[in-house]
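Trainee: Top line first, the protein sequences correspond to chains U and H.
If you want the working numbering, it's the 1-based position in the first sequence plus 384.
If you want the working numbering, it's the 1-based position in the second sequence plus 6.
No lab work stands behind these hints, which were simulated from the structure alone.
Virtual Cβ for every residue (Gly too), placed ideally from N, Cα, C.
Treat the hints loosely; a few may be bogus.
BS3-like cross-link-like pairs, simulated, lysine-lysine; straight-line CA separation at most 30 Å [stated by the list, open to error]:
| no. | chain 1 | residue 1 | chain 2 | residue 2 |
| --- | --- | --- | --- | --- |
| 1 | H | Lys44 | H | Lys9 |
| 2 | H | Lys22 | U | Lys441 |
| 3 | U | Lys395 | H | Lys22 |
| 4 | H | Lys76 | U | Lys454 |
| 5 | U | Lys395 | U | Lys454 |
| 6 | H | Lys22 | H | Lys44 |
| 7 | U | Lys395 | U | Lys441 |
| 8 | H | Lys44 | H | Lys76 |
| 9 | H | Lys76 | H | Lys9 |
Computed, partial: chain U to chain H, Cβ under 8 Å [claimed, not checked]:
| no. | residue |
| --- | --- |
| 10 | Pro392 |
| 11 | Tyr394 |
| 12 | Gly400 |
| 13 | Gly424 |
| 14 | His425 |
| 15 | Leu427 |
| 16 | Ala435 |
| 17 | Ala436 |
| 18 | Phe474 |
| 19 | Glu485 |
| 20 | Gln486 |
| 21 | Phe488 |
Covered by chain U, according to a simulated footprint, are these stretches of chain H (three or more residues, beta-carbon under 8 Å) [said to hold, decoys possible]:
| no. | stretch |
| --- | --- |
| 22 | 25 to 32 |
| 23 | 64 to 70 |
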Amino acid sequence: DAGITQSPRYKITETGRQVTLMCHQTWSHSYMFWYRQDLGHGLRLIYYSAAADITDKGEVPDGYVVSRSKTENFPLTLESATRSQTSVYFCASSDPTGRNEQFFGPGTRLTVL
Amino acid sequence: AQKVTQAQTEISVVEKEDVTLDCVYETRDTTYYLFWYKQPPSGELVFLIRRNSFDEQNEISGRYSWNFQKSTSSFNFTITASQVVDSAVYFCALSEAWNTGNQFYFGTGTSLTVIP
């Protein structure tokens with residue numbers, strides 16, 4: 385089905401472990417984004433990508449790594465997870481030639497013990 | 007500085023009451039876009055409306071209406087005759103045209119509870 389998907393939907397891990405959250409979109413949107421949602425902070429941008437092999441930092445990039453070898457995929461890696469990275473992570477995509485709207489995935493709830 | 011401010015953290019209303027959710031934004035750009043998203047208890051983000059800075063006409067969609075006022079940098083959202091299904095967190099967001107990253111700046115959200 386067309387759309388934007390995230391996997392896993394739920395993840396529990398331990399401090400210090402590496403975790404990768406996957407994001408896949410079928411619209412061929414050039415822009416993709418990763419946000420984290422925490423109570424009292426709304427959604428904050430972690431990283432974004434304007435195209436394959438082009439990524440840039442957002443507001444809260446520390447502790448995260450991204451890559452984008454293909455237009456449709458935008459994985460987010462926590463190289464050494466910390467408790468402060470417990471959050472809900474949303475991936476989004478947009479077509480900058482369109483209406484500037486961002487389309488969001490269903491989210492991944494990550495718990496770091 | 008916060009680019010989007012939603013001063014109301016939580017609002018509770020009784021069903022059928024009208025409720026207005028406030029959104030104040032800050033930008034130096036002359037071309038920008040404003041959005042409202044709804045996040046129901048199930049957690050997904052649902053797009054409600056997009057408005058560009060050149061269109062100050064208010065919009066109504068069923069029980070929902072939006073009041074965009076550039077003079078006060080506000081983009082308020084009103085739900086008329088609220089229903090229990092309106093209970094959700096509502097986010098206002100800003101996107102600036104100059105920003106090649108097409109970034110969104112979100113407010114911290116307003117949690118609306120409609121009491122039956």
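Trainee: Next, verify each hint and record whether it holds.
Mentor: Right, here's what the structure says about each hint:
1. H/Lys44 / H/Lys9: Within the cut-off at roughly 19 Å; holds.
2. H/Lys22 / U/Lys441: violated, 44 Å
3. U/Lys395 / H/Lys22: Violated. U/Lys395 to H/Lys22 sits at ~39 Å, over the 30 Å cutoff.
4. H/Lys76 / U/Lys454: Outside the cut-off at roughly 40 Å; violated.
5. U/Lys395 / U/Lys454: holds, 24 Å
6. H/Lys22 / H/Lys44: holds, 19 Å
7. U/Lys395 / U/Lys441: holds, 24 Å
8. H/Lys44 / H/Lys76: holds, 23 Å
9. H/Lys76 / H/Lys9: holds, 14 Å
10. Pro392: Violated. Min distance 14 Å.
11. Tyr394: This interface hint is violated because 11 Å lies over the 8 Å limit.
12. Gly400: violated, 27 Å
13. Gly424: holds, 6 Å
14. His425: holds, 6 Å
15. Leu427: holds, 4 Å
16. Ala435: violated, 11 Å
17. Ala436: violated, 15 Å
18. Phe474: holds, 7 Å
19. Glu485: Check passed: Cβ of U/Glu485 comes within 6 Å of chain H, closer than 8 Å.
20. Gln486: This interface hint holds because 6 Å falls under the 8 Å limit.
21. Phe488: holds, 4 Å
22. 25 to 32: Since three or more residues must qualify, the claim that chain U covers the stretch 25 to 32 of chain H is violated, with 0 doing so at under 8 Å.
23. 64 to 70: violated (count 0)
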